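Trainee: Sequence:
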Amino acid sequence: MSWARSLIDSDIASWIFSDECYVHLFRNSNLCKEGINATIEEPINWKTSMMIWGGISIVFGKMLFIKKEKYAINSQVYIRDILQGYIEPLDGDYTFVQDGATAHTARQTMEYCWENGIDVKTQSPKSPDLNPIEMIWANLKRKVEKRRPDSKARLIAAIQESWDEISFEEVQNSILKVKNERARQVIEAQGEWS
Numbered sequence: 000m001s002w003a004r005s006l007i008d009s010d011i012a013s014w015i016f017s018d019e020c021y022v023h024l025f026r027n028s029n030l031c032k033e034g035i036n037a038t039i040e041e042p043i044n045w046k047t048s049m050m051i052w053g054g055i056s057i058v059f060g061k062m063l064f065i066k067k068e069k070y071a072i073n074s075q076v077y078i079r080d081i082l083q084g085y086i087e088p089l090d091g092d093y094t095f096v097q098d099g100a101t102a103h104t105a106r107q108t109m110e111y112c113w114e115n116g117i118d119v120k121t122q123s124p125k126s127p128d129l130n131p132i133e134m135i136w137a138n139l140k141r142k143v144e145k146r147r148p149d150s151k152a153r154l155i156a157a158i159q160e161s162w163d164e165i166s167f168e169e170v171q172n173s174i175l176k177v178k179n180e181r182a183r184q185v186i187e188a189q190g191e192w193s
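According to numbering that gives the first Met the number 0, the sequence shown is numbered sequentially starting from 0.
These aren't lab readings, by the way, just hints derived from the structure by calculation.
The structure presented is a predicted model; accordingly, all values stated were derived computationally and were not measured.
Any given hint could be a false lead.
As the list claims (entries may be wrong) - Only pairs whose alpha carbons sit at most 27 Å apart, straight line, appear in this in silico DSS-like list of lysine-lysine:
hint, residue 1, residue 2
1, Lys142, Lys61
2, Lys67, Lys142
3, Lys151, Lys66
4, Lys66, Lys140
5, Lys140, Lys176
6, Lys176, Lys67
7, Lys176, Lys120
8, Lys145, Lys120
9, Lys61, Lys120
10, Lys66, Lys120
11, Lys67, Lys151
12, Lys176, Lys69
13, Lys142, Lys176
Said to hold, decoys possible - Label-pair restraints from in silico Cβ distances:
hint, residue 1, residue 2, range
14, Lys66, Arg147, 39 to 49 Å
15, Thr104, Lys69, 17 to 27 Å
16, Lys145, Thr104, 27 to 37 Å
17, Tyr21, Gly60, 21 to 31 Å
18, Ser150, Asp92, 38 to 48 Å
19, Met0, Thr104, 27 to 37 Å
20, Ser9, Ser150, 17 to 27 Å
21, Thr121, Tyr70, 20 to 30 Å
22, Glu187, Ala152, 21 to 31 Å
23, Lys69, Asp10, 16 to 26 Å
24, Asp90, Phe64, 33 to 43 Å
25, Lys176, Asp92, 18 to 28 Å
Note that CB positions come from ideal geometry on N, CA and C, so glycine has one too.
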């Protein structure tokens, strides 16, 4: 409940809510009109997925990193790709909100943040509904699915195109919904399911 209270009691406009997720290459069906041959240009690997990182903020807008290569996300990679690539270059005061993943909370990562003036808050581990980017992820995945990508390259393109379609208003609304509705519901339910 302390995380919910901090969302309500703080000015979160300059907070950057971040998270990673996987977007999978899949189709719900392989149907086509009768008499038309269904062709697939490339063999589809139904297990193909892309890991993405995103950050959203009322002040700083939205940021997206698509992890196109296969490598583990450790502290060094997180510092290089996310903190140095997206967070550190921002002008102005901000609070960077991340979950408790090992790469995020490793000593090396936290020391880097402290040494470089990155104000970090670690989100409560059992409250994904209190991270507004989860609403953005859900919408992004719906948009990607509608595009029906059938290869890794098209999946990457669909992710980027879908991300570009997400408006500032949607980002702002998701953040304000968490602050003004969901956090209050968690407190009213005394931390139980709301």
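Trainee: Hint by hint, note whether the structure agrees.
Mentor: Okay, the hints, checked on the actual structure:
1. Lys142 - Lys61: holds (17 Å)
2. Lys67 - Lys142: holds (19 Å)
3. Lys151 - Lys66: Holds. Lys151 to Lys66 sits at ~12 Å (cutoff 27 Å).
4. Lys66 - Lys140: holds (16 Å)
5. Lys140 - Lys176: holds (20 Å)
6. Lys176 - Lys67: violated (32 Å)
7. Lys176 - Lys120: holds (19 Å)
8. Lys145 - Lys120: violated (35 Å)
9. Lys61 - Lys120: holds (18 Å)
10. Lys66 - Lys120: holds (24 Å)
11. Lys67 - Lys151: Distance ~9 Å between Lys67 and Lys151 Cα, so the pair holds.
12. Lys176 - Lys69: violated (35 Å)
13. Lys142 - Lys176: holds (21 Å)
14. Lys66 - Arg147: 39 to 49 Å: violated (22 Å)
15. Thr104 - Lys69: 17 to 27 Å: holds (23 Å)
16. Lys145 - Thr104: 27 to 37 Å: Once the Cβ atoms are compared, 36 Å apart, the range 27 to 37 Å for Thr104 and Lys145 holds.
17. Tyr21 - Gly60: 21 to 31 Å: holds (23 Å)
18. Ser150 - Asp92: 38 to 48 Å: For Ser150 and Asp92 the Cβ distance comes to about 42 Å; the hint holds.
19. Met0 - Thr104: 27 to 37 Å: Hint violated: Cβ distance 21 Å, outside 27 to 37 Å.
20. Ser9 - Ser150: 17 to 27 Å: violated (43 Å)
21. Thr121 - Tyr70: 20 to 30 Å: holds (24 Å)
22. Glu187 - Ala152: 21 to 31 Å: violated (47 Å)
23. Lys69 - Asp10: 16 to 26 Å: violated (40 Å)
24. Asp90 - Phe64: 33 to 43 Å: violated (19 Å)
25. Lys176 - Asp92: 18 to 28 Å: holds (24 Å)
When the structure is compared with the earlier hints, violations turn up for hints 6, 8, 12, 14, 19, 20, 22, 23, 24 and for no others.
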